[in-house]
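Novice: The primary structure of each chain is shown beneath.
2 protein chains.
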Amino acid sequence: MLSKNKVLKTLFDKHAKALSAYEGLSVEELEAGINAGTMVMLGNPNHPNLEPIMIGQPARVKVNANIGTSPLTHCLDSEKNKIKACVEVGADTIMDLSISGDLDSIRRTMIASWHKPIGTVPMYAVGQQILDKDMPISSMDPEMLFKEVEKQAEQGVDYMTLHCGITRKGAQFGDDTDPKYGRVMGIVSRGGSMLARWMLDNDKENPLLVNYDRLLEICLKHNVTISLGDALRPGGGDDAGDAAQIEEAITLGQLVRRSREAGVQTMIEGPGHVRMHQIASNIQIIKQLTYNAPIYVLGPLTMDSAAGHDHIAGAIGGALGVQAGVDFLCYLTPAEHLALPNVDDVMAGVIASKIAAQAGELALGRKHAVERENAMNKARKALDWDGMTKAALDPQAVIARRAPHKDEEVCAMCGKFCAVKMLNDRRKH
Amino acid sequence: MLSKNKVLKTLFDKHAKALSAYEGLSVEELEAGINAGTMVMLGNPNHPNLEPIMIGQPARVKVNANIGTSPLTHCLDSEKNKIKACVEVGADTIMDLSISGDLDSIRRTMIASWHKPIGTVPMYAVGQQILDKDMPISSMDPEMLFKEVEKQAEQGVDYMTLHCGITRKGAQFGDDTDPKYGRVMGIVSRGGSMLARWMLDNDKENPLLVNYDRLLEICLKHNVTISLGDALRPGGGDDAGDAAQIEEAITLGQLVRRSREAGVQTMIEGPGHVRMHQIASNIQIIKQLTYNAPIYVLGPLTMDSAAGHDHIAGAIGGALGVQAGVDFLCYLTPAEHLALPNVDDVMAGVIASKIAAQAGELALGRKHAVERENAMNKARKALDWDGMTKAALDPQAVIARRAPHKDEEVCAMCGKFCAVKMLNDRRKH
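Line order of the protein sequences matches chains R and A.
Be aware that the first sequence starts at -14, since it is given in my numbering, and climbs by one per residue.
Be aware that the second sequence starts at -14, since it is given in my numbering, and climbs by one per residue.
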């Protein structure tokens, strides 16, 4: 990989030492991961003041926050505040999923104000040009898509979701309504549904698949990492692991091979709605079919009925996913399925994903995760509130909760009934 | 069990039909579960207007909310509002864990205003009488404990946490500070720490264990279910499954046998802080050692560093716990380890536990859980917002999120980019 992708090589040489220190892995281990394609280094040199990151276990599991406008809720200031919230709460990446307003200007603003990697879904900008004119998506000229990818790569987008793996056959699987074999939820990917509709209406193959080499050429030039979208991810627990999902994963695996040949980094996007007992097998089969490329999941959502609290249903799945090999968690917020997330939702979503990552990495015995717990427990046993605050995944939450009683030795739940104090005091006397 | 416990038999005969309908299990199945001790029916006839419930899979997994005063946060009105919140959000039981104020009066108020089962920890009332006088817990006369249990049974408490299983040896295990073998967090159970201190200071055995027959006699009279407390539950992930926890579980198992002989219903309280990869084994060994008595867990908390968000860390563990056999979830709120929960925390805690239960029961294929998902997905695919609201675990959250855009066909996240609509419209045309 590094020998074929000069832009990546230059970037890696510049940042390898810092990344090695942060990840607790040697430079050689990072290099080997990148070369094998089991790790990617997100970073487009066109992104000013960029701090690249590594994705791919045993590098730390990362958390992405989706932000951006929508037709019914569109306010650039609010999106800027979401970026600030992402900085405060420690998201690793953001994706600009805007679909309303001047998308170029919004994207430029976001790239300029966010110094870690940023991702996009170029299909949205193309979709907007068509849907805003009340034209059918079937009228899309595929040329628009490639131009959009090229433009965004030049703007400094570090990774792009490209739904290259949904085939015409896959679109039929996904849209199949046969009650015996078809899907319960059909196609729930925004970008994927547009491409599916285009293919079905025009009876043509996916242009991103047909002209994949063209994408590779653009992405290689700027070290844009291709996040191979899962247009056919299950949108309900019943659809997990079905023919539509797996047929797409097989195609994605073949695209991973072609990307590696070309020196272009790829990640695989994963489910979606998957019940607990199927998460490990679902993640493992995707990993196998896609040659252990880093996997980037939305959830997985362990149930469909938690609307209003999908960050929790997703944290359960995310934790199980990390334990099964997931490398990168896309957050879900309490607004999912219902509305555009606000600033509070963004914070809740990032924290929930960080909790999922920590739970999963603890189960895997990752050093940085275990060290955090050790620090917390040492402080907790000593009733050392500053120590607990520092060790907590969300120090601000601890400070806020403690505020009314911050000078007390014990907490306001138990007061003098504190169990830790009960035994500590015995030893003191 | 039913032949030995006449109070239970009378109560069961009265409610069996309604419980059978609610649980989707035949009266004979419930009866068999109660007789085997793998199910308990919570209900003390002294509790006015009581609606008893069943605990024990395959009965639905239930959710408990801990409420009650503490020395630093003490307001009866606020506790009453928490009860209303529990009704609104659908908790199955509450526990009054008050440790400050006029405990008898608080308890009577709670019993009168909550019609599903209510639990307590009688040790708290005894502890209060001693600690409020600045006396050491070692001065406790065990007689106080038995009198308190008797009084609360007469008041109508349906189940009581009694830490009968912590032995003098267990207290030593729990308080062991040897860095090679001792615990990281020691003893974190409020009631358990008082009994441990009493035993260690007085060099005597646990009076609740020594005089267990006396407890059985009181509980049999009013069908009080004994919730055998886990005084030695792990308070940090490192302590899970250690000698202290397992030695106590063995004792609890023997007490389960004695209870069954006497016709007294028992549940087992479980961890606590347990990392994901140890949850299934931890739950399974407790189930085995305690002869498949219903297990009632606090969490399990999959990490120690999620302070401020322990309801999420606990939902991950609760879901895995249910999948491994947990019957009854005690909620954790965002306030855990930091402060007394407020009304919002209570609601967040109940919802998180209900999500955990649904995730776990879905993984087990439970009919009622699957039916909810089917209803949600049918409505979601049809963009039927009323149907989604009805099927959601928290309908109020859906209504609140939808309010600003409630007349739109689609939601405010995607607007006209709605993937479901993209394919549905194709079929319409």
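Note that these hints are calculated values from the structure, not bench results.
Please note that a few of the clues may not be correct.
Stated by the list, open to error - Computed far set for chain A versus chain R, every beta-carbon distance over 10 Å:
{"id": "1", "residue": "E8"}
{"id": "2", "residue": "S11"}
{"id": "3", "residue": "D89"}
{"id": "4", "residue": "D186"}
{"id": "5", "residue": "L205"}
{"id": "6", "residue": "D223"}
{"id": "7", "residue": "K413"}
Unchecked claim - Simulated crosslink set (DSS-like; lysine-lysine; CA at most 27 Å straight-line):
{"id": "8", "chain 1": "A", "residue 1": "K118", "chain 2": "R", "residue 2": "K413"}
{"id": "9", "chain 1": "A", "residue 1": "K401", "chain 2": "R", "residue 2": "K65"}
{"id": "10", "chain 1": "A", "residue 1": "K118", "chain 2": "R", "residue 2": "K132"}
{"id": "11", "chain 1": "R", "residue 1": "K154", "chain 2": "A", "residue 2": "K118"}
{"id": "12", "chain 1": "R", "residue 1": "K165", "chain 2": "A", "residue 2": "K363"}
{"id": "13", "chain 1": "R", "residue 1": "K366", "chain 2": "R", "residue 2": "K352"}
{"id": "14", "chain 1": "A", "residue 1": "K406", "chain 2": "R", "residue 2": "K165"}
{"id": "15", "chain 1": "R", "residue 1": "K375", "chain 2": "R", "residue 2": "K413"}
{"id": "16", "chain 1": "R", "residue 1": "K154", "chain 2": "A", "residue 2": "K413"}
{"id": "17", "chain 1": "R", "residue 1": "K401", "chain 2": "A", "residue 2": "K413"}
A quick note: this is a predicted structure, and the numbers were derived from the prediction, not measured.
Just so it is clear, CB atoms sit at the ideal spot from N, CA and C, and this is done for glycine as well.
Novice: Looking back at the numbered hints, which does the structure fail to meet, lowest number first?
Specialist: Those not satisfied are hints 4, 6, 10, 11 and 17.
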